[in-house]
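J.: Sequence:
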Amino acid sequence: MYEQNQILPTEFNQTMKLVFDIEYRTRWGEQLVLLLGKRKIAMRYTDGGIWRTNVEIRSEAETFEYRYAVERDNAQPRTEWYPHTLRLAEFSDCRVLRIHDRWLDIDSDTPFRTVAYTRGI
Numbered sequence: 024m025y026e027q028n029q030i031l032p033t034e035f036n037q038t039m040k041l042v043f044d045i046e047y048r049t050r051w052g053e054q055l056v057l058l059l060g061k062r063k064i065a066m067r068y069t070d071g072g073i074w075r076t077n078v079e080i081r082s083e084a085e086t087f088e089y090r091y092a093v094e095r096d097n098a099q100p101r102t103e104w105y106p107h108t109l110r111l112a113e114f115s116d117c118r119v120l121r122i123h124d125r126w127l128d129i130d131s132d133t134p135f136r137t138v139a140y141t142r143g144i
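Each residue of the sequence shown is one higher than the one before, starting from 24 at the first, in this note's numbering.
Please keep in mind that the hints were generated in silico from the structure rather than gathered at the bench.
Please note that a few of the clues may not be correct.
To be verified - Simulated crosslink set (SDA-like; lysine to any residue; CA at most 25 Å straight-line):
no., residue 1, residue 2
1, Lys61, Ile80
2, Lys40, Arg67
3, Lys40, Ile80
4, Lys40, Asp124
5, Lys40, Ile129
6, Lys63, Asn97
7, Lys61, Arg110
8, Lys40, Phe114
9, Lys63, Asn77
10, Lys63, Ile73
11, Lys40, Pro100
12, Lys40, His123
13, Lys40, Asp96
14, Lys61, Leu127
15, Lys61, His107
16, Lys61, Arg125
Claimed, not checked - Ranges between beta-carbon positions, derived for each pair:
no., residue 1, residue 2, range
17, Arg110, Trp51, 30 to 38 Å
18, Glu88, Val119, 26 to 34 Å
19, Gln37, Asn97, 18 to 26 Å
Backbone N, C-alpha and C fix where the C-beta goes; we use that ideal spot for every residue, glycine too.
All chains should be modelled from the sequences, with the hints used to inform the complete structure.
T.: Okay, here's the thing in structure tokens:
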């Protein structure tokens, strides 16, 4: 779900602020990170199990993919199954975009989509 906080005209090469929010219950010693391309961005915990981070990007970017991961002791024991895709062309007239996300987990029927299962039956 997207929420446009401010609608202001943007000029070419200006930046857009993206605010990522996701509800996720971690265990003691874990934190969430946002994986944006080759960048790993730490998120901060807020009340109610919500993790948040802000990212500044160039306004001419059109589409990009990102994932969330759980980090503990510099390892990532859990990462989302597939990436989120954000199409910024739809929001080209805003300067701040708040993204309310949910964890994209593995589908419950994924074992039945494997080659071993589909070719074995």
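J.: If a hint holds in the structure, say so; if it doesn't, say that too.
T.: Right, here's what the structure says about each hint:
At roughly 14 Å between alpha-carbon atoms, Lys61 and Ile80 fall within 25 Å of each other, so this suggested pair holds. Distance restraint check for Lys40 and Arg67: the Cα-Cα separation of roughly 17 Å lies within the 25 Å cut-off, and the hinted pair is therefore satisfied. A distance of roughly 6 Å separates the Cα atoms of Lys40 and Ile80; the hinted pair therefore holds under the 25 Å criterion. Under the criterion of a C-alpha separation no larger than 25 Å, the hint pairing Lys40 with Asp124 is consistent with the structure, at around 16 Å.
Among the hinted pairs, Lys40 with Ile129 is inconsistent with the structure: their alpha-carbon atoms are about 29 Å apart, more than 25 Å. Using a Cα cut-off of 25 Å, the hinted pair Lys63 and Asn97 holds, with the two alpha carbons roughly 11 Å apart. Of the pairs offered as hints, the one joining Lys61 and Arg110 holds, with about 19 Å between alpha carbons and a cut-off of 25 Å not exceeded. A threshold of 25 Å between alpha carbons decides the hint, and for Lys40 with Phe114 the separation of about 11 Å falls inside it, so the pair holds.
Using a Cα cut-off of 25 Å, the hinted pair Lys63 and Asn77 holds, with the two alpha carbons roughly 12 Å apart. Annotation: proposed proximity of Lys63 to Ile73 holds, straight-line Cα distance about 18 Å (limit 25 Å). As the CA atoms of Lys40 and Pro100 are separated by approximately 29 Å, the hinted pair breaks the 25 Å bound. Between Lys40 and His123 the CA atoms are separated by roughly 14 Å; this keeps the pair inside 25 Å, and the hint holds.
For the hint pairing Lys40 with Asp96, the CA-to-CA distance comes to about 29 Å; that exceeds 25 Å, so the pair is violated. For a cut-off of 25 Å, the pair hint linking Lys61 to Leu127 stands: about 19 Å separates their Cα positions. A C-alpha spacing of about 15 Å is found between Lys61 and His107, which places the hinted pair at or below 25 Å, so the restraint holds. With a CA separation close to 21 Å, the supplied pair Lys61 and Arg125 stays within the 25 Å bound.
Here the CB-CB span from Arg110 to Trp51 is close to 37 Å, well matched to the stated 30 to 38 Å. A C-beta distance of roughly 21 Å is found between Glu88 and Val119, which places it outside the suggested range of 26 to 34 Å. For Gln37 and Asn97, the Cβ-Cβ distance of about 35 Å falls outside the hinted range of 18 to 26 Å, so the restraint is violated.
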